[in-house]
Structure formats: structure tokens, C-alpha cells
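Novice: Sequence:
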Amino acid sequence: MIIRAPSSSVDVCLCCATTGSPFLSTLELRPLNLSMYATDFEDNFYLKVAARVNFGASSTEAVRYPDDPYDRIWDSDLAKRQNFLVGVAPGTVRINTTKEINTNTREYPPMKVMQTAVVGTQGILSYRLNLEDFPANARAYAYFAEIQDLPENETRKFTMQDPYIPDYSNAVTPDSTQGPLLNAVEISKYVLISSKTEKNDVNVLGTFRSMLDNGDLTEEGDPCVPVQWEWVTCSSTSPPRITKLVLSGLNLEGEIPSGIKDLEELTELWLNGNSLNGSIPDMSNLEKLTIIHLEDNKLTGSLPSYFGSLPNLKELYIQNNSLTGEIPSELLTGKIIFKKKAPPQRSDDKGAISSRKSIIGSTAYSVARAGSLMDEGVSYYFSLAEIEEATSGFSKKIGKGSFGPVYYGKMKDGKEVAVKMMADSSSHGAQQFVTEVALLSRIHHRNLVPLIGYCEEEHHRMLVYEYMHNGTLRDHSNMQTDKVNKKHLDWRARLRIAEDSAKGLEYLHTGCNPSIIHRDIKTSNILLDINMRAKVSDFGLSRQTEEDLTHISSVARGTVGYLDPEYYANQQLTEKSDVYSFGVVLLELISGRKPVSPEAYGADWSIVHWARSLIRKGDVVSIIDPTIANNVKIESVWRIAEVAIQCVEQHGSSRPKMQEIILAIQDAIKIEKGNDGKITSESSRAQSSRKTLLTTFLDIESPDLSNECLFPSAR
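As numbered in our numbering, residues 1 to 715 make up the sequence shown, in order.
There could be a bad hint or two in this list.
[As the list claims (entries may be wrong)] Label pairs and their in silico Cβ distance ranges:
(1) 202 - 328: 27 to 35 Å
(2) 78 - 98: 48 to 56 Å
(3) 300 - 670: 12 to 20 Å
(4) 7 - 150: 45 to 53 Å
(5) 487 - 396: 18 to 26 Å
(6) 627 - 248: 47 to 55 Å
Bear in mind the hints are in silico, worked out from the structure with no lab data behind them. Even for Gly, the Cβ is constructed at its ideal location relative to N, Cα and C.
Throw the hints in and build the complete structure from the sequences for me.
Specialist: Structural data, given as C-alpha cells:
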């Protein structure tokens, strides 16, 4: 690996890839000249060498130190390995020289390597090199040096093809008498550098660890990378931040550390079931907190008023402590209305129980509701009369969810809502309702459609969501031309929608405990707010996983065109089933096409087969939505196409995780916003050049001698 050291020290972390403890036998470091492998991405990526080949070598021996003062290992092109340099073009010959070659370029190739080469005497020089862990973003270096003494009337000119854009007109030009030449090639894969967790967050965790004497928290190293500790959840940002802290029932003693206010990205805090004492510290700046568990401790003092000012707080549990005084008025003014855990007092609306958000206090406050949701921890309730008034008698239907119609409503306070009504009166439909209410009551993320309340009265079951003004992503796709309010989505808007929805899905997979598998990801379940920001919706089919399970046995349910074929075949539901569906969504964003259409795709019938066949041919242009084709940067589209095809791999083990998908989307956004949106290829008439590599093999075909700029072919 090639990495730019950010300081005088480098952190190396080992994690278990198999059973047993990881160990390190030897760690060797070689200093390199700063210019040798400088890239535009060195702050965020390191280079993992995939191939380094010496062409025209005189033996099978590799070239290394002392011939290469930097001890790079240059494999001989005579080495015999499976899938190593196959498909050699006819007429390829080997040449060498003993004369001194100028290697004073920024890459400093060794003299011995530059003194040998291969030449395509028939105008074509072609090799195929199958590489492990590809397709991937990579850096290809090709080295050239004229080592033959050409007469004055002889010339050698050639170009090298860009990735995925083969030039089928390549031919020897009239003023060129020599075929293409190649001395050496280096190919290195870009690998994301895992940033260390924010220092302030690490310090807070260290304080909590010091409060334990029983050694329950034994993890070492960084709390988030490469594998997060069991009792924390981390963000996918750089640097990672702590978003969830779970220290329940560990017999923590002492006061809650005042430094907890430094966990600025914290959304959930679980400190219940310990022996914590003293007053509750200041957490007023932790505005992202949604759930706080402080119950079953020895806390004293009054309940801080700032809890009522936390904008996202949904659940506060403080029972079984020694807190004194009155409950602050800020907790009682509309934002949080609570109810004691006592026989529920019925309202006048057909026996409904009037309560909204709940605060669990020293007298064990909780939501009490007769029926199937009593034990689900649900903290919102609307009466049927309130719903009927808000929707004007269910007069405006705006869509259809996984188990019933959706109606527009407006509450008395002016808040616009979407009311989803369960149409299925069967036990299966009732179970779907309980599942969705239970899920949505405990998960809160800006890229998930928030639940405002629910109604379960007589035979009516309804969910009340925040109203999303711009409908679904499907409403704005290219194929939905009949939509009156359809908005044109340019490529950047599509990338932003992809990033938003990916983050919502990633939260379900990694931010919830146990994790949640959505099971029905599709464009109609991605909603757009007034600012065209995306939120994932419709949890009617969601399934929770148990902590020690890698899959759930389940009857396959989902939507045709989005359904994971592996899940359909073996009934084993995993997070990678959602990844497959999201890959289909990405292909829709690129193409503007429907997921299934025999008319559009012919024998392929699905967008997956159609797009895969074109992308494998190196043709991404043909899948781009014509309405955006002239306003995209091709490298950005390739980045999304690449990860989309990885998402829809046949086997789940070959698909990326949602966190990897988010990083790929962010790459595409950076490319789209950057210097012409491209990972730049530097060219010159000197002895080397570089280019991005995106596929599983390398073909070098360079018979066109008309262009004096030298580019490596990487396709």
C-alpha cells in the first residue's frame, strides 16, 4: 500500500477477518519521494498496489532493491501465473538496451525496468490483466522510453485509449513507421482511508470506561474503525462521530461525565440500569438527541428544563431515580405530553386515549392503551374524530402505501400530514400495522419519513406521517410523464436523492438495535419533501434482525423488479436484500427507466439485465437518461453505474454495504462538482502517464499514432 503519512506517526489497526486473534509478524515501511504517487485524493484514499509489471524483461526474476532504490517489486512479464498478461497481440516483440535511460521523472522508475520494453510490430499492443478486487477506482501508470535508435526517416507515434471509450478507428498514420511501445505498468486501487474517530468523542468514551472496574468494556483501538465497538454506533462521516451510546446495566458508578456534551452527533443515549448518582449534566447542545434512557439509577436533583428545548427529543425515561421538584413547564407545553402508567382515562371520542409524546418519569409514566399496541412503547395517538376532521372526511387521496390508501390532512395547528389507512382487516394486515407503528416509534433519522401519530380505534387503523410535498421519486421519473406536478431532476438532484435515501437505509441497517431490513425499497417508497430532499418511507414489510443472526427466514415479499433473486430463491432475508433493491433504484436514477418493461428491454425484461449487458461492454452512455445526457460528467455516472452493478450481483456476499454505497455516491458528487468532475489524467510527451481504472482487466491497444499526447488505456 502507498499512503501519505498525515503526521510523524501512522496508526495501524488489525481486526479479526477469521476466528482467533489477529497478529502481526513484520511491518516494513519504505519512504517515497512526495511527488512519486501524489494524487488529488491522497487525503482520503491510499493506493493498494494491484500490479507492477516490467515488460520485455530478460528473465522471470522480479526487479527490486538495489535496482529500485525505493524497493518497489516489478514483476517480470515472463512470470507464469493464471490470468496474468493474457491475450497478447500478434506481432509483439521484446527489445532491450544497455544504454543509460533518463529516468528523472516524478515517478522515478528504475533504470533496469526502463531498459526493456515490448513493441507491437503490427501496429497493436494488447494485454489483458485480470485483477483481484476489481472493478474498482484505480490509478494506472504506464511508462514509456524510446530505447531503439531510430533513423531520421523513422517515427513512433501512438495514443492510448481512455477508459470505456474505445477508438475503433485506431490505425497507423502515414507519418508513423513504428508500432507502439511499452516499458512498464503500475496499477493501484484507491482504498478509502478510515479516519480516526473525533478526538472529543474518544475522550468521552474513555471517561465512561474508567468508571468500570469489572472489565466489561474490553475493546481496544479506535471505537469506530475498522469495526465499531459493540456499545457504540458511529456515523459514516469523516471523521466518524458517535451517534448512539448503549451502556445499560453495566453497574456504572459515579456521576454522568460532564464531557458528554461533546458528543455533538449523539441521537440515542442509554445509561439505564446502573448506579449513576448526582445531577443530570448539561446536554442542552445535543440537539440531535431523540431517545434518552436514564431510568433505574440513583440520580438526584431536579429535572433540567433544557429537555423541553431539544428539538428532536421523542422519548425521555427517568423513572426509578431520586429526582425532586416539579416537572419543568417546557416539558408540558405541547411538545411533550405524558400520561401516567395507570388505568387510562378515556376521552369523549369513542373511548380513545388522548396522548402525544411521552415522558417516562419517576412515577413510571408510559403510554397505556388497551389492545395490540399496549406493550409496543408507542407514544403518539390521535382519535378517529381528529383524523376525520383533519382529512375532511378522507376526501383527498394522494397515494397508496403497502397496505392501504393514503390521504392528505391538515391538523388544527396547521401542520400538514399524510394519513395512511390500513385496508386489510386480516390478521396479516393487523400485524403489518403493529410492526410499522413499533418500528417508526423508535427510529428517528432525517432521511426517514417521521411518524407523527397513529389511530387504532374500533376497526380503524391509521398512521399519521409528515406530509411530503413533492410526492415520491417515482412521480418524477422519466417514465411518469402523465404526472402534472412532475419536476425535472438533473443529475446533481438525482445524486442528492440517492445520497439521502442511502443514508436513511444505512441507518436502518446499522443505527438501529436490532437492525432493520426494509424489504421493499423502490422509487415509490422514496418520498421528496418541499426542498426535494429524500426520505425513505413505508415500513409495512420491514423485519427486525436478532443481534446474533446474519439472516431471517421469511416468505419472500417485495415488489417485482426490485426483489433480490437470492432472497426469492432461498427465503433468507439479509441487509444485502435491501442493497439489491437500492441498486435497481440507482439504475433508475441513471436511466429514467422503469425497473421492469418487456417493451423497453425486450428479452432482458428488467433494467438489471439490460444495464448490466451494456455496462459490461463498456457502454454507459446508452443507459443515461436522454434528458440529462448533455449535462453530466461521465466519470460521475460511471461511479454510480459501477456501484449499482455491484449492488445487483447475484450473490449477496458480492454486494457492498450501504456505507460503501454512500461513499461511492459522495465520490460521484465530488466528481460532478470538481474540476470538470473528473479524476484527472495527466499527459505529457515524457516517459509516463496516469489514468483512472474502473474494470476487472486492462487492455492496452495503441495503434493510433496521430496524437502526440500519451494516455494509458484502461478499460
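Novice: So the hint says 27 to 35 Å: do the beta-carbon atoms of residue 202 and residue 328 match that?
Specialist: holds (33 Å)
Novice: With respect to the beta-carbon atoms only, verify the hint that residue 300 and residue 670 lie 12 to 20 Å apart.
Specialist: violated (50 Å)
Novice: Between residue 487 and residue 396, does the beta-carbon spacing fit 18 to 26 Å?
Specialist: Taking Cβ atoms as reference, residue 487 and residue 396 lie about 21 Å apart, which means the hint holds.
Novice: Mind checking the hinted window 45 to 53 Å against the Cβ distance between residue 7 and residue 150?
Specialist: Holds: the Cβ-Cβ distance is about 49 Å, inside 45 to 53 Å.
Novice: Looking only at beta-carbon atoms, does the pair residue 627, residue 248 fall within the given range of 47 to 55 Å?
Specialist: holds (52 Å)
Novice: Does the Cβ-Cβ separation between residue 78 and residue 98 fall within 48 to 56 Å?
Specialist: violated (19 Å)
This entry does not satisfy hints 2, 3, going by the numbered hints stated previously.
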